[in-house]
Amino acid sequence: MQNKLRLILWTGGVVSIAILIDLLFIELSHFSVIFTLVLVAIFVFLIREDHKNNLIQEENNTAKGKTSTEQDIQNTLTSIASLLNQQMIIIDTEVDRASALIRDAVTGIADSFKYLKNLSEDQQQMLSTVISHQQGIDDDKSMTIESFVHDSSATLEDFVQVIIATSKQSLEAMSFTNEMSRQLEGIFSLLGQVEGLASQTNLLALNAAIEAARAGDAGRGFAVVANEVRALSVNSTELNNDIRIEISKAQAIIEQLQGSVESMASADMTSTLEAKNRVSEMVEHVGDVNNKTKTVVEELTLLSPKINETVEIGIRSLQFEDLAHQTLTSLKSNTETINLLYQEMNQFDFQQGDSAEQLNVLQQKCQQLIQKADYVNDNRSVSQSSMDEGEVELF
Amino acid sequence: MSVKKQVTENSKKIEISIDGRFDFSLHQHFRDAYVNCKENGQVFTLNLSTTSYMDSSALGMILLLKDHAESHSGKVIILRPSESVNKILEIAQFHRLLTIEQ
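Line by line, the protein sequences are chains A and B. Residues 21 to 415 in my numbering are what the first sequence lists, from first letter to last. Residues 67 to 168 in my numbering are what the second sequence lists, from first letter to last.
It is worth saying that the hints were derived from the structure and are not from the lab. Since the model is a prediction, treat every value here as computed from it, not as a measurement. Treat the hints loosely; a few may be bogus.
[Unchecked claim] Derived pair list, reagent style DSS-like, types lysine-lysine, alpha-carbon separation capped at 27 Å:
#	chain 1	residue 1	chain 2	residue 2
1	A	K296	B	K153
2	B	K104	B	K79
3	B	K132	A	K296
4	A	K314	A	K137
Only chain A is shown next, with the shape it has when bound in the complex (with noise of 0.2 Å):
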C-alpha cells in the first residue's frame, strides 16, 4: 500500500515537474507537448520499473526477515523444550529416590518400632513374672529370699534350742557319773575292809601256826590248817587287789565320760551370737531390698504402657509416608503436565503452514493444559495436613 501510495506520489511529482520545466522554458508547442508527454512517459516507466524492483526486493526482504524471526522463535522454543525436558527429567528422579528413601526409611522405622513394641511386651511379661515371684502368689512351693532368711533364723533358733537342752542333759548325766563316781569310792571303803578281814585272817593263821608248833607232834594236824588258812588269806588279799584295780579302771573310764560329757555340755555360744546377729541383719537388709524392688517394680509396671502409648503414637505418625507418598504422586502429574507441553512445543513446526495459527493453536493448547492442571490441583488426593488427624494401624 506504501509502495503504491509512494509510485502515485512520484508520478505526480515528475508529471508536475515536466509541466513546469515545459511553462518556464519551452514555448508551448505540439512538440513541447509530446516531449514532455514522451519524458512522462518514460519517466513513469522508470518509476514503474523501479517500483517493481523495489517491491520485489521488499517481498524478498520481507520473507527473509520472516523466515529469520520464524527460525528464532522456534529455537526458543526448542531451548525452552529441551530445558523443560532436562528440569522435568531432574524432578522425576529426585521425586523417585524420595519416594524410594521415604519408603525405606519408613520401612526401617516400622520395623524398629514393631521389634520395640515385641520388648516393651516381653519387658511387661518379666516384670510380672517377677512381681509374682516377688510376692509368691504363683506357686506356694516356691523359695522366696525372705523366706530362706525367715527359715534360716528359725533354724538358728532350733539349734540353739537343741544346744541349751544337750548342755542341760549333759549336767544331768554329770550328776548321774559324779554319784556313780562317789558310789565306787564306797566300794572303795568296803574293799578296805575286806583287806583288813584278810590281814587280820592272816595274823590269826600265824598264831595258829606258832601254837601248832609249840604243840609240837600232837599240834602237826592243826599246822596244816593253820597254813591252809594263811593261804586263803592271801589269795583273798589278791582278790581284792584285782578288784580295786578293775574298779580304778571303772573309775578313770567315768573321768573319760565326765570329760565327754563336759564338753558336750560345754559350746561356746559365741559363734552362734554372730550368726544370729548376721541373720537378723540378713532380714533387715532382704526387707529393705524387697521394698526398694516392689517400689522400682511397680514403677517399671506403670511404665510399659506408657512406653507402648509412645510407640503406637510413633507409628501412627509413620502415616506421613503415606502423605508424603501421595504429595510426590501429585507432583508427578505437574510434571506430566510440563511433559504434555514439551511435547506440544516439540510438534510446534514453523514449515506447516501459517506461523500465526501454529501460535495460536499452542496458546490454546497451553490454556487446556492450565485448566487441566488447575482441575488436578483442585481434585488433589491430599487434603490431609496434619498427622494427628485419625488412626492408622500399620500392622
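Chain A is fixed; fit chain B onto it per the hints.
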C-alpha cells in the same frame, strides 16, 4: 570365777551370784548351791551383774535350776545381766522362760 550364795527371809529368798566366767567348771558348785534347798515357794535370784562370759552349759545349769525351783513351786529371777550375757539369754529366748530384771 566363783559361786556365792546368800539366803534371806527365812530361806525363802536365795541369791546366787556368779563372778567372772559362768561355764562348765562351776557346775558342781552351782548345783551344790541350790540342790539342798527343798522348801516350797522359794525364789532363786541369779545375779549375773559381774558375769563376764556364759557358755551353753551355763544355760543348761540355769534350766536345771529352773526345773528344781518349779518342782518345789518356786521361781527363778535373773538379775542385771551384762550386755554380752543378755544377748546370749536373748538368743536362747530365756526372756520367754524366766523373769529377767535389768
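Run the distance test for B/K132 versus A/K296: straight-line Cα separation, threshold 27 Å. Cα-Cα ~25 Å, so holds.
Within a Cα-Cα threshold of 27 Å, do A/K296 and B/K153 meet the stated pairing? Distance ~10 Å between A/K296 and B/K153 Cα, so the pair holds.
Please work out if A/K314 and A/K137 have their alpha carbons no farther apart than 27 Å. holds (24 Å)
Within 27 Å, alpha carbon to alpha carbon, are B/K104 and B/K79? At roughly 12 Å apart (the allowed maximum being 27 Å), B/K79 and B/K104 satisfy the hint.
In this structure, none of the earlier numbered hints is contradicted; all agree with it.
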